[in-house]
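**Student:** Chain by chain, the residues:
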Amino acid sequence: MLEILQYDFMRNAIFAAILASIACGIIGVYVVVKKIVFISGGITHASFGGIGLGYYLGINPLYGLIPFSLFSALVMGLVSKRSKVAEDTAIGILWSLGMAIGIILIYWTPGYAPDLMTYLFGNILTVPMSDIYLMLALDAVIIFTVYAYYKQFMALCFDEEFTTVAGLSVEKLYLLLLCLIALTIVLLIKVVGIILIIALLTMPASLSRHYTNNFAKMMYLATFFGIFFSIIGLFLSYLADAPSGATIILVMSSVYILHFLYDGLKPKIAS
Amino acid sequence: MEDVIDLKDIWVSYDGVRVLEAVTLAVKDKDFLAIIGPNGGGKSTLLKVILGLIKPDRGTVKLLGDTPKNMRKYVGYVPQYHSSNLDFPITVCDVVLMGRLSHKGPLQRYNEEDRQAARDALDTVGMLEFKDRQIGELSGGQKQRVFIARSLVTKPKLLILDEPSTGIDSRTQKEFYELLNKLKSQIAIVMVTHDISAISVYVDKVGCLNRKFHYHDDKELSQHDLEVSYQCPVELIAHGVPHRVLKEH
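In the order they appear, the protein sequences are chains A and B.
Numbering-wise, UniProt numbering puts 177 at position 177 of the first sequence, and it's gapless, one number per residue.
Numbering-wise, UniProt numbering puts 174 at position 174 of the second sequence, and it's gapless, one number per residue.
Hints should not be assumed to be uniformly reliable.
Stated by the list, open to error - Cβ pair distances, simulated, as ranges: (1) Leu57(A) - Gly40(B): 50 to 58 Å; (2) Gln80(B) - Val79(A): 21 to 29 Å; (3) Gly40(B) - Tyr147(A): 22 to 30 Å; (4) Leu78(A) - Glu112(B): 17 to 25 Å; (5) Asp9(B) - Lys217(A): 48 to 56 Å.
FYI, nobody ran anything at the bench for these hints, they're computed from the structure.
Where a beta carbon is used, it is the ideal one built from N, C-alpha and C, also for glycine.
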C-alpha cells in the first residue's frame, strides 16, 4: 500500500492535508469557542460566488475565491452586527446570495466548467504544486496574524464588553477574525469542498476542547487531529475507491460520534 | 484634586426615545456611589457615557479631568455577571492578565511585570490560590472576585460595577461587599445595583436613575424618591443593619 506514496499527486495530497489542517486547527478553535459556526458556514457558501467569478474571468478559481471570500466575510460581519435585521436572518440571506451569484456567473461562462465538482465536494488528489505554494503562503498569514493578535482575539472571544472598555475595537477585531476564516476556507476548499468545510472547521477543534483547557494547546491538538484524520481518510478513500473529501469527513465524524457516545456512557463525576 | 467623574447636563436618545435627561453627576475620590433604578431606566447607558462608549447628544463628560477616551484605561470595569463565556478554555490568571490588555499592542506578550500585577490583584481579592484553575470551575462568587481582580490589575482610580450581585447567593454577597468596602479606602467606586439592602451598609451616596437622575449626597432614601424613580409604589424593607437607609415608614 505504501507504493502509492511514489505518486506525485499523493505526495501533494498529503502536503495539502497537512497545510489545511494547520489552518483549520488554529482558526477552528476560534470558530468553536466563540460559537460562530453559523456565520462561518455563511462565509463558506457565499464564497461560491468567488469560484463563479474565477471561471467567468477565466482565471484560477482560487484567485477569484480569495477576494470574494474576504469581501463576503466583511459584508457578513458588518451587516450581521449593524443591520436591524436579526443576525441569523442576515447571514442566511447573504449565504444564498453569494451562491446565487456563483451559479449565474458559471452559467454565463462559455463552455463547460471542468472541475466545478472539486470546489463543491473537494478532491485532494488533484491539488497542483502551485496550489500547495498558495496554501503555504495563506498558512503563514494566518499563523502570523494569530501570533500577533493572540491576546486580543482571546479577549474578544471571552468578553466583548470588557474588550471594548479596554479601548479595543471589538468590531475591527471581529472582522479580522472573519477574514482569517475566509482565508481558511480558501485553504480547505480543495480538500473537502464548500459543502463539507464546516465539518473540518468544527470537529477537530471541538474534539480538542475535550482534552485540554488551554487555548493554545487546543490549537496544537486540533491541528494534529486534522492531519491524522485527513490522512487516514485519504488512504481509506484510495482503498475503497471513494471520494476523498467525503471519506475524510466520514472518518472524522465517526470518531467524533463514537467519542461522545463513549463519553456519554461513562458515569458522570459530580462536580 | 479634580472630580473622578464630572457629568454636566447629559442628554441621550436612541432612535428618538429619550434615555437620559439632564443628568448631572459628580463623583469625588474615594466616593462609593450606588445607582439604583428600574430596568430600562438608563443605568447601563449612563455607565457607557461615563466610559465614553456613547457620545451624549448634549452635555459634557469628564473622567479624571480629561476625556473618557483618554482616561478610560485608568478605570476598572466589572461587567454584568453573565456577560462572559464561562465554558471558555482559560485559567483564572489569564482572565486577570486580560485586564492589562489596554496597555499592550499587537505582538507584545505579557511580561513578568504583568504577571506580578495579576498575582497582586488576585491576592487583593483573596483568590491567589486559584490562579491556575479553569474559570468555569469556580463558584459564582469566586468568579466575581476574579473579575474584580481583572479590573484592579491596572491599578485604576475608579472602579465601575454593573449589577455585581446578580447570580450570587446572599452569604457570598456579604463577603463581596466586604471586599468593596476594603477597596473603598483606595479608589472611587460606582456601582449599578438592584440590591437596596446592600446600599444601607456600605455605600456613601445613592442616586436613583429613571431617565432623570435623583441624587443624594447622603444615603437616606425616602419612599418619595424611590417612587419618583420607579414611577410606581415601592415597598421598602429596612433590614437589621447597623444604620438605616430608609426612614421609618
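**Student:** Confirm or reject each hint.
**Tutor:** A quick look at each hint next to the structure:
| no. | hint | in the structure |
| --- | --- | --- |
| 1 | Leu57(A) - Gly40(B): 50 to 58 Å | 53 Å, holds |
| 2 | Gln80(B) - Val79(A): 21 to 29 Å | 27 Å, holds |
| 3 | Gly40(B) - Tyr147(A): 22 to 30 Å | 43 Å, violated |
| 4 | Leu78(A) - Glu112(B): 17 to 25 Å | 40 Å, violated |
| 5 | Asp9(B) - Lys217(A): 48 to 56 Å | 53 Å, holds |
Of the numbered hints stated above, those contradicted by the structure are hints 3, 4, listed in ascending order.
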